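Chemist: From just these sequences and the hints, can you work out the full model?
As you go down the protein sequences, you meet chains D and H in turn.
Per the working numbering, residue 1 is the first one in the first sequence, and the count goes up by one each step.
Per the working numbering, residue 1 is the first one in the second sequence, and the count goes up by one each step.
By construction, these hints were calculated from the structure, which means they are not laboratory data.
These figures come from a predicted structure and were not determined experimentally.
Ideal placement from N, C-alpha and C gives every residue a C-beta, glycine not left out.
There could be a bad hint or two in this list.
What the hints assert, rightly or not - Simulated crosslink set (DSS-like; lysine-lysine; CA at most 30 Å straight-line):
1. K8/D <-> K41/H
2. K41/D <-> K8/D
3. K51/D <-> K8/H
4. K51/D <-> K8/D
Stated by the list, open to error - Computed, partial: chain D to chain H, Cβ under 7 Å:
5. T22
6. F127
7. A173
Number of protein chains: 2
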Amino acid sequence: MNTDLSPKAAEIASCARSLLATAGYNGFSYADISEAVHISKASIHHHFPSKAELVRTVLVRYREEGRVGLAAVAERIPAPLDQLQAYTGYWAACIRDGSAPFCICAMLAAELSAIPAEVADEVRGHFLDLTAWLAAVLERGAAAGVFALRTSPETEAMAFAATVHGAMLSARAYGNPEVFTQIVQPLLDRLLAH
Amino acid sequence: MNTDLSPKAAEIASCARSLLATAGYNGFSYADISEAVHISKASIHHHFPSKAELVRTVLVRYREEGRVGLAAVAERIPAPLDQLQAYTGYWAACIRDGSAPFCICAMLAAELSAIPAEVADEVRGHFLDLTAWLAAVLERGAAAGVFALRTSPETEAMAFAATVHGAMLSARAYGNPEVFTQIVQPLLDRLLAH
DNA sequence: TGACATGTATCTACTAGTTGGTAGACTGCT
DNA sequence: AGCAGTCTACCAACTAGTAGATACATGTCA
Numbered sequence: 001m002n003t004d005l006s007p008k009a010a011e012i013a014s015c016a017r018s019l020l021a022t023a024g025y026n027g028f029s030y031a032d033i034s035e036a037v038h039i040s041k042a043s044i045h046h047h048f049p050s051k052a053e054l055v056r057t058v059l060v061r062y063r064e065e066g067r068v069g070l071a072a073v074a075e076r077i078p079a080p081l082d083q084l085q086a087y088t089g090y091w092a093a094c095i096r097d098g099s100a101p102f103c104i105c106a107m108l109a110a111e112l113s114a115i116p117a118e119v120a121d122e123v124r125g126h127f128l129d130l131t132a133w134l135a136a137v138l139e140r141g142a143a144a145g146v147f148a149l150r151t152s153p154e155t156e157a158m159a160f161a162a163t164v165h166g167a168m169l170s171a172r173a174y175g176n177p178e179v180f181t182q183i184v185q186p187l188l189d190r191l192l193a194h
Numbered sequence: 001m002n003t004d005l006s007p008k009a010a011e012i013a014s015c016a017r018s019l020l021a022t023a024g025y026n027g028f029s030y031a032d033i034s035e036a037v038h039i040s041k042a043s044i045h046h047h048f049p050s051k052a053e054l055v056r057t058v059l060v061r062y063r064e065e066g067r068v069g070l071a072a073v074a075e076r077i078p079a080p081l082d083q084l085q086a087y088t089g090y091w092a093a094c095i096r097d098g099s100a101p102f103c104i105c106a107m108l109a110a111e112l113s114a115i116p117a118e119v120a121d122e123v124r125g126h127f128l129d130l131t132a133w134l135a136a137v138l139e140r141g142a143a144a145g146v147f148a149l150r151t152s153p154e155t156e157a158m159a160f161a162a163t164v165h166g167a168m169l170s171a172r173a174y175g176n177p178e179v180f181t182q183i184v185q186p187l188l189d190r191l192l193a194h
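Modeler: As structure tokens, then:
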């Protein structure tokens with residue numbers, strides 16, 4: 001599986017990624033990319049044979065990027081609370097500066113039954129990855145006596161992820177990036193053992 | 001503003017509503033409705049001049065239904081905790097039986113920048129309504145000493161709504177309605193003053 | 001009662017524009 | 001020579017939406 005792309009292919013993928021974040025799978029077309037990247041529609045097909053393949057490639061790279069990022073957090077930041085804060089802080093920054101106003105897997109999860117199966121598989125994979133990472137952090141924090149979990153680490157992790165995704169939705173609905181922080185900040189405090 | 005629809009128009013609107021819940025604004029077409037309701041595409045245009053108008057009508061009725069439902073809960077159920085449980089329980093049932101696997105306003109919020117402005121306005125309106133209702137319930141519960149709020153009722157309400165919406169997303173991603181309950185149940189326990 | 005009008009609901013047939021995708025030719029680099 | 005990358009020109013299918021005819025039910029007036 002080759003994830004290295006030519007410069008133009010990378011540009012197309014990056015454009016597709018931002019279009020996915022704002023409009024979803026059915027909300028953008030090859031014409032949109034064509035215009036943004038200054039290339040003909042046919043040339044996009046040269047790099048990615050189909051829309052499904054393009055989006056799948058975007059997701060594979062997105063997931064890889066996420067795994068690397070989360071692994072780096074787990075490695076470089078010792079305290080579990082700070083690890084969670086690094087995760088939410090990353091998204092707060094992305095939403096605030098508008099560079100990535102939404103997790104594309106959350107976006108595609110909403111459209112799950114209206115997208116190609118191979119794309120849907122990647123979306124499900126991301127949810128599993130993210131929840132596993134969060135559960136591990138929560139479990140470590142609980143073992144260290146920093147977090148007080150009310151349920152299993154897995155359930156707590158799913159709830160955490162759900163709130164973060166819901167916060168992205170709310171920030172978009174209210175047209176206000178600060179809404180994300182406002183919702184997510186208390187989420188961290190609440191986990192602490194008092 | 002007339003919200004009474006002829007039987008066929010109501011059937012079209014109800015079909016559009018379920019298509020919106022599963023695929024979103026850009027995920028369905030007049031052809032889908034045409035097939036499901038056994039009517040020609042042109043006849044749909046007789047009842048609703050445009051897609052934007054159709055969806056706006058669906059949202060107006062959806063919001064009205066929601067307001068009536070939430071008002072009934074507030075009126076008939078005395079305890080604030082039971083009121084929240086009625087809200088989440090309603091959605092748990094809808095998701096479990098597949099009748100409404102997603103809040104259409106949450107769905108459309110994700111697509112917010114890719115839908116007509118008049119539709120987007122209704123979506124924003126729903127978020128305001130829902131948060132106001134939740135904030136009122138939370139405030140009443142806090143005043144009665146039942147809930148222990150860590151932040152303002154408004155912030156707590158937004159976080160509550162975000163988790164519920166995120167739980168819908170997760171249930172869809174995992175293809176498992178029980179995930180919704182699993183996430184939302186602890187949310188209620190956590191609010192209680194110990 | 002009968003004639004005519006009005007309004008609602010439906011249809012077939014059509015439009016212009018967009019969708020994802022293909023064929024084949026041209027360029028320039030190795 | 002071969003290949004990666006680009007293009008113009010095209011395609012069939014689909015998109016929301018329109019035009020105009022037809023059916024039928026409900027009036028209202030003479």
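Chemist: Can you confirm whether the C-alpha distance between K51/D and K8/H stays at or below 30 Å?
Modeler: violated, 36 Å
Chemist: Within a Cα-Cα threshold of 30 Å, do K51/D and K8/D meet the stated pairing?
Modeler: holds, 16 Å
Chemist: Taking 30 Å as the top limit, are the C-alpha atoms of K41/D and K8/D close enough?
Modeler: holds, 13 Å
Chemist: Under 7 Å, Cβ to Cβ, is where T22/D needs to be relative to chain H, so tell me if that hint holds or is violated.
Modeler: Where the cut-off is 7 Å and the nearest Cβ of chain H is about 5 Å from T22/D, the hint holds.
Chemist: Regarding the hint that F127/D lies at the interface with chain H, is the smallest CB-CB distance below 7 Å?
Modeler: holds, 4 Å
Chemist: For the pair we were handed, K8/D and K41/H, check the Cα-Cα distance against 30 Å.
Modeler: violated, 41 Å
Chemist: Tell me if A173/D is really an interface residue toward chain H, meaning its C-beta lies closer than 7 Å to one of theirs.
Modeler: holds, 4 Å
Hints 1, 3, counting from the list given before, are not met by this structure.
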